[in-house]
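Chemist: One-letter residues, chain by chain:
2 protein chains.
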Amino acid sequence: MYDANSLLAVAVAEFNTRGYDATSMEDLSRAAGITKSSFYHHVSGKEELLRVALGRALDGLFGILEEPAAQEGPALSRLRHIIFRQVEVLMAELPYVTLLLRVRGNTETERWALARRRAFDASIASLVADAVADGEVRAGVEPSLAARLLSGTVNSISEWYRPGRAGSETLPAEVVRIVSEGIIPPA
Amino acid sequence: MYDANSLLAVAVAEFNTRGYDATSMEDLSRAAGITKSSFYHHVSGKEELLRVALGRALDGLFGILEEPAAQEGPALSRLRHIIFRQVEVLMAELPYVTLLLRVRGNTETERWALARRRAFDASIASLVADAVADGEVRAGVEPSLAARLLSGTVNSISEWYRPGRAGSETLPAEVVRIVSEGIIPPA
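Note that the protein sequences, when read in sequence, are chains A and B.
Mapped onto full-length UniProt numbering, the consecutive letters of the first sequence carry residue numbers 1 to 187.
Mapped onto full-length UniProt numbering, the consecutive letters of the second sequence carry residue numbers 1 to 187.
Chain A extracted, bound-state conformation (with noise of 0.2 Å):
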């Protein structure tokens, strides 16, 4: 019998497989080995199923945002615990974060998880910004660069990154020091 949880997998893996927009309910229904009536007695239809794996991602992302390390201490100890279980979180929820990264905005679903992402990097930012503001960030690096570059540099372990992989307990704690201590030494 199938649930709603194991037809959002499948949903998911389709959607980062195809695409969300090259993915028909024909496909997932295939994908999913039941009739397409069946699927949907479940869902209302793809953008439910892109909702809900959507919402998965963010929350766990904002989940990070409300645990005691991000919301107490300085900010450069704040934005290293974030960036941490950012790395943490993708690790867990790979498929679910994937297809949030890959988001384009053709639809008010993707554009509303776009506005959320957003809204998650503005706050990163504005951590840097603070961390600036104390002395705790060297002066020059300019807030939201360095920002946008933090989160394109944890955002990229989807694009290799597998359950399983060898090395994958420390990977949290090595993207930390790389991002802090640099990937290649100064010249």
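Treat the hints with care, since some could be wrong.
Chain copies aren't distinguished; within one or between two, either way the pair holds.
Under the rule of at most 25 Å between Cα atoms (straight-line distance), these lysine to any residue pairs were calculated in the SDA-like manner [unchecked claim]:
#1 LYS36 with ASP21
#2 LYS36 with ALA22
#3 LYS36 with ASN106
Worth flagging that the hints you see were computed from the coordinates, not collected in a lab.
Since the structure of chain A is already known, use the hints to place chain B on it.
Modeler: Chain B only, in chain A's frame:
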């Protein structure tokens, strides 16, 4: 009058907006403002456009590896040159590089492009390994992880960079600085 080059630009913009799989020759001819049969006068189909577009991005990237500064001198300085130029190529060829970065491997052309992209990334990884062997990069940096995060940081620029953006001139140097010194300072 349309020439093959302007059709290519139109097609790449459509592929980037809708996704390659979801874009039909009807969509492309509508976007170009010509009939489907005129479109077929210029190109054999959408996969030809994809191949030419991806080739343009790949030629830009592989061209960097042929430059003297990428071939001569210590591994670390070659690496810094390549990163600087990778940002420049991304900025100059934004739609083409964006398309390359979104390729999923559903067609033969996409699999070819993915293989070429992997070969490029492998060159970077081997240069990082050389820099570690030469003692230029601190031990403890796993070369393949460092190479992946380097690519990820650089490639993420395609998500938000738009031509004419303020501060564009300094972006390549800023990125080299940030991957060298870190984005946020160590705890």
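Chemist: If a hint holds in the structure, say so; if it doesn't, say that too.
Modeler: Hints versus structure:
Taking the shortest Cα distances, LYS36 and ASP21 sit within 25 Å of each other both inside one copy (18 Å) and across copies (22 Å). With identical chains, the CA atoms of LYS36 and ALA22 are at most 25 Å apart both within one copy (17 Å) and between copies (21 Å). In this homomeric assembly, LYS36 and ASN106 come within 25 Å of each other (Cα to Cα) both inside a single copy, at 24 Å, and across copies, at 24 Å.
The structure meets every hint from the earlier list without exception.
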